[in-house]
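Novice: Sequence:
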Amino acid sequence: MRTGFDLTPYRRSTVGFDRLFDLIENNARLQQGDNYPPYNIERLDEDRYRVTLAVAGFKPDEIDITAQQNLLQISGRKAEIAESDTSKFLHLGIANRGFERRFELADFVRVERADLADGLLTVELVREIPDAMKPRKIAINGKGEVIDITAGDKNAA
1 MRTGFDLTPY RRSTVGFDRL FDLIENNARL QQGDNYPPYN IERLDEDRYR VTLAVAGFKP
61 DEIDITAQQN LLQISGRKAE IAESDTSKFL HLGIANRGFE RRFELADFVR VERADLADGL
121 LTVELVREIP DAMKPRKIAI NGKGEVIDIT AGDKNAA
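For the sequence shown, UniProt numbering begins at 1 and goes up steadily by one.
Don't read these hints as lab results, they were simulated from the structure.
It should be emphasised that the depicted structure is a prediction, and the values quoted were computed from it without experimental measurement.
Quick reminder that beta carbons are idealized off the backbone N, C-alpha and C, glycines included.
Only true hints are included.
List time: in silico DSS-like cross-link candidates among lysine-lysine, alpha-carbon distance up to 27 Å: (1) Lys78 - Lys59; (2) Lys78 - Lys88; (3) Lys88 - Lys59.
Label pairs and their computed distance ranges (CB to CB): (4) Arg48 - Lys137: 21 to 27 Å; (5) Leu120 - Thr14: 35 to 41 Å; (6) Phe21 - Gln73: 18 to 24 Å; (7) Arg127 - Phe17: 19 to 25 Å; (8) Glu104 - Asp45: 19 to 25 Å; (9) Ile138 - Asp22: 32 to 38 Å; (10) Arg11 - Ala79: 40 to 46 Å; (11) Leu71 - Asn40: 15 to 21 Å.
Using the sequences provided together with the hints, build the complete structure.
Specialist: Shown next as structure tokens:
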């Protein structure tokens with residue numbers, strides 16, 4: 001898959017960045033696809049995000065939200081309108097099509113909750129970095145004390 005630029009030289013000279021290059025290439029391919037439904041991504045706080053999709057006409061039981069490791073997939077499937085029901089319409093302009101949106105998530109990002117109101121589906125995301133992965137300041141005093149940068153207190157190692 002070719003994007004607007006060639007990533008091959010970077011792939012040859014880096015180690016461990018394959019996932020990043022795959023994300024860039026997959027995103028470039030998805031940009032060429034369908035833009036339905038429209039969506040917003042907001043950063044609410046340092047570790048809190050919100051994805052909002054305009055899903056007018058969809059009911060909660062017609063929307064499926066699946067969170068896997070590093071992937072949020074939102075899909076919607078409308079029930080088919082029966083042939084006898086379409087004869088009642090003088091104009092049928094509201095889209096009755098399904099959709100699927102995929103969002104790549106960073107490590108340690110999880111879905112907190114999802115709400116559907118006024119035709120907008122909002123999915124709240126939170127990044128929770130495990131304590132073992134948070135940066136720690138190591139004191140150089142030979143006593144084995146560890147200072148937690150995030151809390152600012154000393155913890156015995």
